[in-house]
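Spelled out, the chains give:
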Amino acid sequence: QQQVRQSSQSLTVWEGETAILNCSYENSAFDYFPWYQQFPGEGPALLIAIRSVSDKKEDGRFTIFFNKREKNLSLHIKDSQPGDSATYFCAASESNNNAPRFGAGTKLSVKP
Amino acid sequence: GGIITQTPKFLIGQEGQKLTLKCQQNFNHDTMYWYRQDSGKGLRLIYYSITENDLQKGDLSEGYDASREKKSSFSLTVTSAQKNEMAVFLCASRLGGAETLYFGSGTRLTVL
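Chains as they are written, first to last, in our numbering: chain S, 1 to 112; chain R, 1 to 112.
Treat the hints as calculated values from the structure; they're not laboratory data.
No incorrect hints appear here.
Keeping only pairs whose Cα atoms sit at most 25 angstroms apart, straight-line, the calculated PhoX-like set for lysine-lysine is:
| no. | chain 1 | residue 1 | chain 2 | residue 2 |
| --- | --- | --- | --- | --- |
| 1 | S | Lys107 | R | Lys41 |
| 2 | S | Lys57 | S | Lys68 |
| 3 | R | Lys9 | S | Lys107 |
Only chain S is shown next, with the shape it has when bound in the complex:
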């Protein structure tokens, strides 16, 4: 069973638009939610993360919106650039557990 779900396998936006990637989870004990970015031929790398005590985390063009009651979160990429084209993984973990679980990933394509 997938503990972390990403609603879209792929997403295409035009350069300059805001890309919105959605994620939901099952386990109420999850309290840390990182997003990882993966380019072809590479391993995923941490992009931005949020803890469940917050409802928003911003880092430059990247913002996470978090809804604890609904058990979902979204990653917004403002002013999308072709260089943002990659696969984005939503993940979740409990602070007393060592093993993060990942969603299936959303492949983002940004067209110039």
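Once you've looked at the hints, dock chain R against the given chain S.
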């Protein structure tokens, strides 16, 4: 900075064969992970280890063995490769108390 090295980068095996994938990290991280990446299914946890000689099963451990011989290395064995199996196996590590995972670039497995 550190690096995670996975060997081999490409692995081709025969059905029923026992295959071993290796991972080395020089971050001096405590916890190491093996994830399997399949298209459309994201990253699924196979095994992890929180210290030398420790092993914890993940969600997909059946058909695999793992070994943490020393702090810097973590190997994964496919006990009997399945025909038409194709996936990327990702190794990651994390410093105890921190939450960011650092990934290697993966081993791509093909079984003929």
